[in-house]
Amino acid sequence: MDAQIMTAPTPALAIETRVSAPADAPASGAPALIELKRFNFWYGEKQALFDIDLTVKERSVTAFIGPSGCGKSTLLRCLNRMNDLIDGVRVEGSLRVNGEDLYGPDIDVVDVRKRLGMVFQKSNPFPKSIFENVVYGLRIQGERNRTRLRDACEVALKGAALWDEVKDRLDDSALSLSGGQMQRLCIARALAVEPEVVLMDEPCSALDPIATAKIEELIFSLKDRFTIVIVTHNMQQAARVSEETGFFMLGKLVEFDKTDVIFTRPKQKMTEDYITGRFG
Amino acid sequence: MSSATPPLASARKAGLFRSGEPFIWITGSGLAAAVLMVAGLLWLILANGLGFFWPAEVSQYALSDGRTVAGPLAARERVPDPGATAGTPPRWRIKVKQGNRDVTGEDFVWIDESAIRSTTKPADVIAFERREWGAFYGWVKEVRDGGNVVASGRDASWKALGALLPKALDVYEEALTLEKDRIGAVNFEKDKLRLARKKLERKGVSSGPDVEALAAKESKLQAEYDRLLTELQAVRSRVTAVLVLETAGGQEKELPLVQVVRADRPNEMGWFTKAGRYAANVWAFVSEDPRESNTEGGVFPAIFGTVLMVLIMSIVVTPLGVLTAFYLREYAKQGPVVSAVRIAVNNLAGVPSIVYGVFGLGFFIYFLGGSIDRLFFSEALPTPTWGTGGILWASLTLSLLTVPVVIVSAEEGLAAIPRGMREASLALGATKFETMWRVVLPAVMPSILTGLILAMARAAGEVAPLMITGVVKLAPALPIDGFAPFMHLDRKFMHLGFHIYDVGFQSPNVDAARPMVFTTTILLIVLVVALNLTAIVIRGRLRKKLRSSGI
Ligand SMILES: Nc1ncnc2c1ncn2[C@@H]1O[C@H](COP(=O)(O)OP(=O)(O)OP(=O)(O)O)[C@@H](O)[C@H]1O
Ligand SMILES: [Mg+2]
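Sequence order for the protein chains is A and B.
Going by our numbering, the final residue of the first sequence carries number 280, and the count climbs one at a time with no gaps.
Going by our numbering, the final residue of the second sequence carries number 1551, and the count climbs one at a time with no gaps.
Since the hints were derived computationally from the structure, they do not count as laboratory data.
Misleading hints may appear alongside valid ones.
Claimed, not checked - Dumping the calculated DMTMM-like pairs for lysine to aspartate or glutamate here, alpha-carbon to alpha-carbon at most 25 Å:
1) B/Lys1432 to A/Asp164
2) A/Lys258 to A/Glu272
3) B/Lys1545 to A/Asp171
4) B/Lys1432 to A/Glu165
5) B/Lys1544 to A/Asp172
6) B/Lys1544 to A/Asp53
7) B/Lys1095 to B/Glu1057
8) B/Lys1545 to A/Glu194
9) A/Lys46 to A/Glu255
10) A/Lys167 to A/Glu194
11) B/Lys1333 to A/Asp108
12) B/Lys1432 to A/Glu132
13) A/Lys252 to A/Glu272
14) B/Lys1192 to B/Glu1212
15) B/Lys1545 to A/Glu165
16) B/Lys1253 to B/Asp1124
17) B/Lys1473 to B/Glu1212
18) B/Lys1432 to A/Asp53
19) B/Lys1141 to B/Glu1254
20) B/Lys1545 to A/Asp168
21) B/Lys1432 to A/Asp84
22) A/Lys122 to B/Glu1292
23) B/Lys1333 to A/Glu194
24) B/Lys1333 to A/Glu45
25) A/Lys269 to A/Asp53
26) A/Lys122 to B/Glu1330
27) B/Lys1545 to A/Glu132
28) B/Lys1432 to A/Asp87
29) B/Lys1180 to B/Glu1330
30) A/Lys57 to A/Glu165
31) B/Lys1545 to A/Asp164
32) B/Lys1253 to B/Glu1021
33) B/Lys1544 to A/Glu255
34) B/Lys1545 to A/Asp172
35) A/Lys122 to B/Asp1170
36) A/Lys122 to A/Glu100
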């Protein structure tokens, strides 16, 4: 990862890669879906996030970048309240999704996690069949109808660009897949419950370039239907897939702007140093 | 284990130690010692036990004092002679199983080899297995039936015996079924009526339609009982033949044919006949009821009791252990209290098993069983129904004894499940319980089975706590039978481990019973291995399902 940081793309490269995406991304006009205002987060005594102000727009891809330990995963896990599982955590400030306070008193955490799906850095398929993995979320929601589950499974696997590779072996164990396939399976599993937002924490960090390219394509195609927030250490990746990028540093959001702005003419010196690899 | 060790200069001694070579040897010898011990134990048991079923040849010894003794050789040893001067050749003596306990008074006899004038193996000598008095070695002189002589002379009588015996065995079987099943059923009903009458009496009802109905039923049953008894007599009287036996010493003895279980001429038998007899003997051992205060016959009730007890124990211990482990690992707030509980649970395994027995006696039998009796079976009091040892109480006691093993294995399994797997489930909108039920429990199943395997092995081999919670030397009936409600878990039962102890140390005829100790031990080992293999196969399947190939 460090090597990638050091050889981060020059702004020129970043512009080049953006050509594939329309320059005037719908992000600019799209309504805000997730809004954070003066959001603070503590692990026990230790504060991990400081006064984050940030808006994620609907049906867009937002990337979080920053050096290791700066709080990207922490923020991502705050967005679907996965941090609740850790003892002694505390939040302050506001985090609204669709205008609703996510940490409000009458929020159903389980429902939040249904609406904001998550893909983890380390693929974590269940030791079940491919089919059962994909329909897990639906089964949890009480869906029993076999044909509906089959259909949903097909749609999700197609959405995750995995269908062609596994359509003949849906009943095989998910653990028999390759690493890249497993990660796409985890994406399919997250898509199957049709969340509003898909949160991805370094989904490609354990994958080879070809698998990475596949997943990037996938992310690109998904943004018509889903809002995506992705954490990445790979600057090219952030540049290629996202419309907006946030740069984090020591728990603070240093800069948040359109991706091409961040990568070509960042306002902060720190951002420029980081993305050009002159950092640290 | 390394094949090429470089030559070592003394200066490199430290190097030798650091290379780890001595360590490999130490660990290797540790393993070797363990393997040797297990192999030696198994060899001892197998060598002593397996020969028991092989039809032994009968030798006839003519002694210098004029006596004649016949029987299979049981042992040979040096005569202990502390006063002997160096150089004198050692003297030997042999132990012969002469049987015929009713005639000679002793099953075994020691003979000094120097006192033997001649040894022969008469081809026509017969080895009897009898329903009473143990084995008999000798000849049939005459076969009589109802006062008439059917056959006389050794060979003619042997032929007649061959023709009569199968029929006699059939009749015995028929009488036994009649006695056990049909008369048993009537007795069962009679007992129920007796309790019903007692219940009425306690309520103060001494007349009226209820009492009359009861009396009518009772007299009907009694008539049925009498009828069956006559039928039984009729069946039994179909075999009237009597054998006149002759021992090697020349004594005579009359033996009703019904008393004969098996009769062989072992000296005449070929290898294949012997092998066939061996198989039949093994089968009889595992399928028949014991005879002669357990020193003869089979051990079927003990096998049945052991298996049933282990199964009941498994059914109780698995959920108990797994639920505890789930609470400790998944719900309880980790801290000093939980750590203390965990340590306590682990150390429970070190409490002497008899202590569990005492607890079982006090809590399950006296407290629980006693309360049940007072509440629901008061008509039978003062005879306890549940307030006395029984297979359920014994199984529950053993599940307390083995629950730490299951808890520890399940907890280790839970700890080994990657966090990512739980998070994946939670992130898909599953509650903690759904995650537990659908993801964690299936993944932890192999560990649970490991715990269960260890628990079963321990339970099957445990004897001490059973002795005060329900095991008996001879149980009148199996805990499962054809009478409603079919499962009688209040009944006392027999157990292989206790059987070994009983036969080996409590038997009136220890010498004759000794082989049974070994054969029963073999059976117990086979049983434990079989139960374990079943669980291991299931676990293997689960593991394969959970972990197939992967990356
Ligand atoms: N469970 C936890 N308890 C206490 N502190 C934590 C916990 N998880 C993370 N932290 C701390 O919070 C800070 C932010 O961690 P986080 O995992 O969000 O970093 P990150 O930006 O995702 O880093 P990386 O790029 O290496 O994944 C770090 O200093 C880390 O040590
Ligand atoms: Mg992280």
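Tested hints:
| no. | hint | verdict |
| --- | --- | --- |
| 1 | B/Lys1432 to A/Asp164 | violated, 34 Å |
| 2 | A/Lys258 to A/Glu272 | holds, 14 Å |
| 3 | B/Lys1545 to A/Asp171 | holds, 11 Å |
| 4 | B/Lys1432 to A/Glu165 | violated, 32 Å |
| 5 | B/Lys1544 to A/Asp172 | holds, 12 Å |
| 6 | B/Lys1544 to A/Asp53 | violated, 49 Å |
| 7 | B/Lys1095 to B/Glu1057 | holds, 14 Å |
| 8 | B/Lys1545 to A/Glu194 | violated, 29 Å |
| 9 | A/Lys46 to A/Glu255 | holds, 23 Å |
| 10 | A/Lys167 to A/Glu194 | holds, 20 Å |
| 11 | B/Lys1333 to A/Asp108 | holds, 23 Å |
| 12 | B/Lys1432 to A/Glu132 | holds, 19 Å |
| 13 | A/Lys252 to A/Glu272 | holds, 16 Å |
| 14 | B/Lys1192 to B/Glu1212 | holds, 16 Å |
| 15 | B/Lys1545 to A/Glu165 | holds, 21 Å |
| 16 | B/Lys1253 to B/Asp1124 | holds, 18 Å |
| 17 | B/Lys1473 to B/Glu1212 | violated, 41 Å |
| 18 | B/Lys1432 to A/Asp53 | violated, 31 Å |
| 19 | B/Lys1141 to B/Glu1254 | holds, 10 Å |
| 20 | B/Lys1545 to A/Asp168 | holds, 18 Å |
| 21 | B/Lys1432 to A/Asp84 | holds, 12 Å |
| 22 | A/Lys122 to B/Glu1292 | violated, 69 Å |
| 23 | B/Lys1333 to A/Glu194 | violated, 34 Å |
| 24 | B/Lys1333 to A/Glu45 | holds, 19 Å |
| 25 | A/Lys269 to A/Asp53 | holds, 19 Å |
| 26 | A/Lys122 to B/Glu1330 | holds, 22 Å |
| 27 | B/Lys1545 to A/Glu132 | holds, 13 Å |
| 28 | B/Lys1432 to A/Asp87 | holds, 15 Å |
| 29 | B/Lys1180 to B/Glu1330 | violated, 53 Å |
| 30 | A/Lys57 to A/Glu165 | violated, 33 Å |
| 31 | B/Lys1545 to A/Asp164 | holds, 24 Å |
| 32 | B/Lys1253 to B/Glu1021 | violated, 72 Å |
| 33 | B/Lys1544 to A/Glu255 | violated, 49 Å |
| 34 | B/Lys1545 to A/Asp172 | holds, 9 Å |
| 35 | A/Lys122 to B/Asp1170 | violated, 72 Å |
| 36 | A/Lys122 to A/Glu100 | violated, 30 Å |
Violated hints, in rising order: 1, 4, 6, 8, 17, 18, 22, 23, 29, 30, 32, 33, 35 and 36; the structure is consistent with all others.
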